[in-house]
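Asks: Below, each chain spelled out in residue letters.
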Amino acid sequence: MTTIEIPTLAATREAIGPTLIRLQQEGHNIVVVDADLGKSTSARKFRDEFPDRFFTFGIAEQNMVSAAAGFAVMGHVTFATTFAVFAEHAFDQLRMSVAQPNLNVKIIASHGGVSTGEDGASAQSIEDIAIFSSLPNFNVCVPADVVEAEAIIEAAATTAGPFYVRTARPKTPVIYTDGPRFELGKADQLRDGSDVTIVASGLLVERSLRAAEALAAEGIEARVLNMATIRPLDTAALEAAATDTGAIVVAEEHLTHTGLGAMAAQALALSNPVPMEFVGLNRYGESATWSEALELMGLTTDGVADATRKVVARK
Amino acid sequence: MTLATQTPADIAELTRRVRRHVVQMVYGAKSGHIGGSLSATDLMSVLYGKFLKHDPENPLWHERDRFIMSKGHCTPVQYALLAELGYFPTDELSTFRKKGTRLQGHSTVGKPPGVDNTAGSLGMGLSFGLGLRMAQRLQGLEDSRVWVLMGDGEQDEGQVWEAAMAASHHKASGLFAVIDRNGIQNDDFTKTTMSSEPLDEKYRSFGWHVLSDLDGHDLPAIEQAYNWALDQRDGPVCLIFDTVKGKGVSFMEHNPSFHGAPPSDEEFKIAMAELADA
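Sequence order for the protein chains is A and B.
The opening residue of the first sequence carries number 1 in the numbering used here; numbering runs sequentially from there.
The opening residue of the second sequence carries number 1 in the numbering used here; numbering runs sequentially from there.
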């Protein structure tokens, strides 16, 4: 079931408030805790519907995360919302209060990646996937569009254990216009091809699809996998991609040495090593519009296409 | 279930047995935190023995009071109490910190049954307890309560004050912060490492009901303080007890060397003799 009327353009963060409202209406015993960013994350919409289940902790993420653990042990599906960079602020609380006791705390972050844009480097989380993936017991997901964001938030509510969901600030094209296909821990194949596989997450999924279309005109047929679940990683889909296509590009809005690409490379090193290329970040960003910020870093359709040509040449 | 039928003599005898267990556990493990366990023994024995709503036969009873051991290195005193109160056999105390044990070095929720939080990294227990208390209230469990034990060194952590501010903001009655002010932290005396005084004025200015300068080894005084705390109905309560680190073993008292180090063979013998049945 979906709440959101499927638009052509939307920010993944826009799914947060409406989805939490629906899930509580359906009886999922939800509590939302917030650190003074509910307007930006859209979580405050939940407060308007369920004021007794929404608690603000002020600008104090460490306290918010440990308190969320307290709500969780009392049986509540507890969603903690803030910006991705400020979720990073509470690392030890995420580790000891949430991950070690394996509690039902769901960190739903907005403003992930350099596409946060004008606010500059301090507001652009490019380490969050590494941080949350480093914590045993955490599920880590990055939706490719607002439709998938809703499906991921629902999966977080209905699957026991800690979750990190990274959403983004800008309005971007909707991919799943026919409804979500998200399954936790499973890659979604959006396009098939025999020459190479592009494994993408978040905003890079749509750009990878465009790159694949451009490459088809040159005679390179690319499979495109939306790897919306980073942890647990769908290693079977990666192995099949390596076997079937013999080369892999990973495209993500994150540091390449600690993100999806690094984790995919480790998985393939154990099973079926093939040539790989990585489209991502290797430095902090800067102020610009969201699309310029991505362009500065080479996180573009052309950037993905170039990496794909390069890896095909290495086969 | 409460153990409110415990007489003062019962509680005094409980504290003696707990102290013996603490010394034996740390000696047996050749590691562990003895000083802060002995300083908290009287506070915790009165709490578990006479105030805490809990049931050793049903450790996950939803409506129980929660005891949050925020100073999570002081597991010996909590394990000793839980065993004495029937959560598990006292024989198991000898497995403390050893391979395969349920008695982990620092607090780990559910290991053994009766441990309600994971701790070790200081400063998180008050936040966790606050969330628990807010959830109890959301569920209408007004008669359940949350007790959080912190050290005075732990007050260095900024998160404690985030929680202190939020507890007052959310008018978290039924949340009790109990501070074991033994004056010593890992490296040295707290006044040398990082003075947190005046603690009472700090909590009061954060909007808490505060009782301070309490004698943390006077069993009737401890009981009186807990009764006072239960009478405060309109906000969080902080009880600051002055205690002696290493209390009950002469050469450990006020001695920073016994924060996290085990006694030698000779020291162990002397300690056990001092804690022997009168």
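Treat the hints with care, since some could be wrong.
Output of the computed footprint for chain A on chain B, the stretches with three or more beta carbons under 8 Å from beta carbons of chain A [unchecked claim]:
1. 135-146
2. 156-166
Simulated restraints, written as ranges between beta carbons of each label pair [said to hold, decoys possible]:
3. A:Glu49 with B:Pro8: 23 to 33 Å
4. B:Asp234 with A:Asp52: 15 to 25 Å
5. A:Lys39 with B:Pro89: 24 to 34 Å
6. B:Asn58 with A:Thr159: 41 to 51 Å
7. A:Asp52 with B:Ala221: 47 to 57 Å
8. B:Pro89 with A:Asn272: 15 to 25 Å
9. A:Ile59 with B:Pro220: 21 to 31 Å
10. A:Asp92 with B:Asp231: 52 to 62 Å
11. B:Asp187 with A:Gly58: 50 to 60 Å
12. A:Ile59 with B:Pro8: 25 to 35 Å
13. B:Leu60 with A:Glu221: 49 to 59 Å
14. B:Ser205 with A:Leu270: 24 to 34 Å
15. A:Thr177 with B:Gly158: 30 to 40 Å
FYI, nobody ran anything at the bench for these hints, they're computed from the structure.
For each residue, glycine too, the CB sits at the ideal point set by N, CA and C.
Asks: Tell me if chain A covers the segment 156-166 of chain B under the three-residue, 8 Å CB rule, please?
Replies: Check passed, 6 qualifying residues.
Asks: Does the Cβ-Cβ separation between Thr177 of chain A and Gly158 of chain B fall within 30 to 40 Å?
Replies: With Cβ atoms ~47 Å apart, the hint is violated.
Asks: So the hint says 47 to 57 Å: do the beta-carbon atoms of Asp52 of chain A and Ala221 of chain B match that?
Replies: 39 Å, violated
Asks: So the hint says 24 to 34 Å: do the beta-carbon atoms of Ser205 of chain B and Leu270 of chain A match that?
Replies: 57 Å, violated
Asks: Is it true that Ile59 of chain A and Pro220 of chain B lie within 21 to 31 Å of each other by Cβ?
Replies: This hint is violated: roughly 43 Å between Cβ atoms.
Asks: Does 50 to 60 Å hold as the CB distance between Asp187 of chain B and Gly58 of chain A, or does it fail?
Replies: The hinted range 50 to 60 Å is violated for Asp187 of chain B and Gly58 of chain A, with Cβ atoms some 32 Å apart.
Asks: Hint says 15 to 25 Å; check whether the CB-CB distance for Pro89 of chain B and Asn272 of chain A agrees.
Replies: 52 Å, violated
Asks: A range of 25 to 35 Å was offered for this pair. Does it hold for the Cβ distance of Ile59 of chain A and Pro8 of chain B?
Replies: About 47 Å separates the Cβ atoms of Ile59 of chain A and Pro8 of chain B, which means 25 to 35 Å is violated.
Asks: Taking the Cβ atom of Asp92 of chain A and the Cβ atom of Asp231 of chain B, is their distance within the range 52 to 62 Å?
Replies: Since the Cβ atoms of Asp92 of chain A and Asp231 of chain B sit about 36 Å apart, the hinted range of 52 to 62 Å is violated.
Asks: State, for the Cβ atoms of Asn58 of chain B and Thr159 of chain A, whether the hinted interval 41 to 51 Å holds or is violated.
Replies: The hint (41 to 51 Å, Cβ to Cβ) is violated, given that Asn58 of chain B and Thr159 of chain A are roughly 28 Å apart.
Asks: Confirm or reject the claim that Lys39 of chain A and Pro89 of chain B have a C-beta distance inside 24 to 34 Å.
Replies: 55 Å, violated
Asks: Kindly confirm whether 23 to 33 Å is satisfied by the beta carbon distance between Glu49 of chain A and Pro8 of chain B.
Replies: Between Glu49 of chain A and Pro8 of chain B, where Cβ atoms are some 53 Å apart, the hint is violated.
Violated hints, in rising order: 3, 5, 6, 7, 8, 9, 10, 11, 12, 14 and 15; the structure is consistent with all others.
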